[in-house]
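*Asks:* Sequence:
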Amino acid sequence: MATKTITITEEAYERLAMMKDGQESFSRVKVRRFPKPSLLALAGVLSKEEGDELERHIQARRSGS
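Taken in order, the sequence shown gives residues 1 to 65; the numbers are from my numbering.
Keep in mind the hints are simulated off the structure, nothing from the lab. Some clues are possibly wrong.
Said to hold, decoys possible - Okay, derived cross-link-like pairs now, BS3-like style, lysine-lysine, Cα gap no bigger than 27 Å in a straight line:
no.	residue 1	residue 2
1	K4	K30
2	K4	K20
3	K20	K30
4	K36	K4
5	K36	K20
All values derive from a computational prediction rather than experimental measurement.
Assemble the whole structure, with the sequences as input and the hints as a guide.
*Replies:* Below, the structure is given as structure tokens:
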């Protein structure tokens, strides 16, 4: 497994450390606490009207290219 070195503030480190369960790694904490975003998480963000308007704009851009 590849690794990366990052710099974080003391406050960020302390908060991350508080989230650990026993001998859990910081990488595992990050993956557990902040899962990959899903498109399904966006469901319901726009109203029907906003969605329809966005779709019209997308279709207009596609037909113009």
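*Asks:* State the violated hints by number, sorted upward, taking the hints as numbered earlier in the document.
*Replies:* none
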